[in-house]
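S.K.: Quick mapping for you: the protein sequence lines, in order, are chains A and B. Each number in this note's numbering corresponds to the 1-based position in the first sequence with 5 added. Each number in this note's numbering corresponds to the 1-based position in the second sequence with 130 added.
Careful, some of the hints might be misleading.
[Claimed, not checked] Where chain B lies over chain A, by a calculated footprint (3+ residues, C-beta under 8 Å):
| no. | stretch |
| --- | --- |
| 1 | 125-132 |
| 2 | 190-201 |
[Stated by the list, open to error] Using C-beta positions, here's what the derived DEER-type ranges look like:
| no. | chain 1 | residue 1 | chain 2 | residue 2 | range |
| --- | --- | --- | --- | --- | --- |
| 3 | A | R264 | B | L175 | 44 to 52 Å |
| 4 | A | G262 | B | E195 | 32 to 40 Å |
| 5 | B | P170 | A | G263 | 55 to 63 Å |
| 6 | A | D224 | B | E216 | 27 to 35 Å |
| 7 | A | G263 | B | E216 | 35 to 43 Å |
| 8 | A | G262 | B | G159 | 29 to 37 Å |
| 9 | A | G262 | B | R200 | 31 to 39 Å |
| 10 | A | D224 | B | E181 | 35 to 43 Å |
| 11 | B | G159 | A | L237 | 32 to 40 Å |
| 12 | A | E274 | B | P164 | 52 to 60 Å |
| 13 | B | T133 | A | E274 | 14 to 22 Å |
| 14 | B | E181 | A | R264 | 38 to 46 Å |
| 15 | B | E195 | A | L237 | 13 to 21 Å |
| 16 | B | P202 | A | L237 | 12 to 20 Å |
These are calculated hints, taken from the structure and not from any lab test. Note that the coordinates shown come from a computational prediction; the quantities given were computed from them, not determined experimentally. For glycine and all other residues, C-beta sits at the position ideal for the given N, C-alpha and C.
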Amino acid sequence: MSPVAGRRTESGSLVASALLFGGAWAAGGWLLTGAASGTRGSMLLTLFHLAASAGAALFLAYELTFRTSDPRSGLRSRLVAVFRQLGAGDLVRTAELARTLDVDLASGVGRAVAGLASRVEQLQASSHSVAGAAEGVDHGSTVLAASSAQQAAAAGEVTAAMEELSRTAAEISEHAERQNQLVLMAESEGAAGAEAVAEAVEGVGAVERRIADVTARADTLGTRSREIFRVLELISDIAQETHLLSLNAALEASAAGGRGRRFAVVAGEVRVLAERVRDSVASVRSQIEEFASAIRSTVVATEEGGKEAARVLEEARAATGALGILRASLRESSEAARQISSVTRQQTSATEEVLSTLRELHQVVERMSRDLSQLSATSGRLHSIGLDLELLGQTFRLDSARSLKSHVHTWAGRLPESLDGSRAAAAWNAQELIDELVGGAPFVECGCIVDVRGKVLATQIAHELRAASADALQELRRRNLADRAWFKKALESSRAVVTPPERSVMSGELCIMVAVARRNAAGEAVAVIEFDVNVSHWTEIGA
Amino acid sequence: MTTTPYLLVRVGERVAALPALAVRRVVRGARLHPLPGAGPGLVGLAEFAGEPLAVLDLAQLLGEERRSSRPPVTVVTWLGSGSDRELVGLGVDDAIEVTEIDAAALGVGQALVGGRPVLVVDLDRLGVEA
């Protein structure tokens, strides 16, 4: 091949590499624009810088192809190597190779690489923010959707309860109305009863007055009877004296002999008359005594009747008082029933308004719940896109603590160049190294060191997973990993390889696998080191 | 037919006949003054025509039981005969009438008056026994 032809060939490779690099950035820009439409404001600036970087790369490729013509120094071949590394996204290696160029070129390429690395870091930071914010929104909207679903259910229950309350209020109003009617009827009956009791009281009062009159008359009769007794005593005494006088007259007549015979006859008649008077007095006394006894019985009976009448009168008055209280209570009850009916009707009206509002609220809450579910799904997709962007950013190897590839290259550098015979190999302990690396990287779920035949030399999992995944770890130590895609790619490539996310058998969460081969001075692979990185812990890379 | 006037008196359940000619007066409710240490039959002293009068209980003199109350009627009569006679009071329950008793109807201490038996009191003997 002639120098010109060789130069043209190298120039063609440079153009192709530059175009490849520019196309890759254009595609990345398109992906970012489409994916991060929700965070357009924060991403536009990054995309602008990416587009500018791609333009700068194309301009550099043009300059190198058509204006660089130094055939002596093999500059083109070094440039090709630089752009290959650049095309592969290994900005660390690109910067290292750029330092072999001329000072001006090295400076220009170094600035371009530094600018690109800076943009990629911004991209990573932004995708972190997008993924974190989306995750927050996703979580918040999920919680809100659940809450609003609960609110919708609660609103439905409240609506049902209010409807029940409305029905109950209507029933209460109806019952109160009926009670009011019953109370009015009772009030009417009570008024009639009160009149009847008043008449009874009047009648009993009249009876009591009559009884008092009878008692007074009976007392008068008793007094008169006693007076009659005294008169009878007087008559009886007079009769006895008359009897004695007639006896003494008869005695005198007897003493007078024949002359006194006619006087004796008169004295005998007087005596007979006195005896008849005495007998009559006894008869009258007997009759008067019977009469007085009857009067006394009448007085006693009348007094008892008077007491009974007084008691009945007292009870009737008490009944009148009780009826008055009852009627007052009935009037109050009627008023209360009317108020209950009125208030309950007002309440029913208010409840209907509340019900209407509640039904609208229920519809709004249900609509909000559906919207929140959609928002949750959208934010879930946004989170996924954020993770994709993060993964895209991690395809670059940067000289940064946030670069996964940078980490694994550093860690692979701690493996010896030879695993057999050398002093370094003898002093090296694979398990200690992997324990240290996994324990020191919180975003790593699992790590392993595998020899070139796929045999697992050492493996370890994150501390928090050891209890639950001890069996899986033992199983992993026994397996040969030669058939794994990352293993094959890592053996073929001098750079770190990154696989798409898949679900971890350890934690059940999304993980990506990052692997790189340790190579000796001759470029031969002596081992592969691999890490499962939990995408939920992106933010802890380089933190 | 020869008849003699008698005063009929009631003594307890019985009727007694006193000779009317010996009787001076029938008194009701005379004031009696009991005598301390008096024997059975002597009710007390009363006043008659300004003189003290011994009053005897005819029932006890006729052998009846001692009564609880004083006799309400006093018959003032001569007891005994001749110079031995004295004026006394006889307490009875009641004085009934003065009646003529036929001598034929008179038995020993008894007579029939109106068909019923009457105790005829011999005032002379009653006074001796008293």
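S.K.: So, for every hint listed, does it hold in this structure?
M.R.: Hints versus structure:
1. 125-132: Contact hint for the stretch 125-132 of chain A vs chain B: violated, 0 residues under 8 Å.
2. 190-201: violated (count 0)
3. A:R264 / B:L175: 44 to 52 Å: With Cβ atoms ~35 Å apart, the hint is violated.
4. A:G262 / B:E195: 32 to 40 Å: The hint (32 to 40 Å, Cβ to Cβ) holds, given that G262 (chain A) and E195 (chain B) are roughly 39 Å apart.
5. B:P170 / A:G263: 55 to 63 Å: violated (41 Å)
6. A:D224 / B:E216: 27 to 35 Å: At roughly 57 Å between Cβ atoms, E216 (chain B) and D224 (chain A) fall outside 27 to 35 Å, so the hint is violated.
7. A:G263 / B:E216: 35 to 43 Å: About 29 Å separates the Cβ atoms of G263 (chain A) and E216 (chain B), which means 35 to 43 Å is violated.
8. A:G262 / B:G159: 29 to 37 Å: 30 Å Cβ-Cβ, so the 29 to 37 Å window holds.
9. A:G262 / B:R200: 31 to 39 Å: holds (34 Å)
10. A:D224 / B:E181: 35 to 43 Å: violated (52 Å)
11. B:G159 / A:L237: 32 to 40 Å: Once the Cβ atoms are compared, 18 Å apart, the range 32 to 40 Å for L237 (chain A) and G159 (chain B) is violated.
12. A:E274 / B:P164: 52 to 60 Å: violated (39 Å)
13. B:T133 / A:E274: 14 to 22 Å: holds (19 Å)
14. B:E181 / A:R264: 38 to 46 Å: Since E181 (chain B) and R264 (chain A) have Cβ atoms about 28 Å apart, the given range 38 to 46 Å is violated.
15. B:E195 / A:L237: 13 to 21 Å: With a Cβ separation near 33 Å, E195 (chain B) and L237 (chain A) fall outside 13 to 21 Å, so the hint is violated.
16. B:P202 / A:L237: 12 to 20 Å: holds (19 Å)
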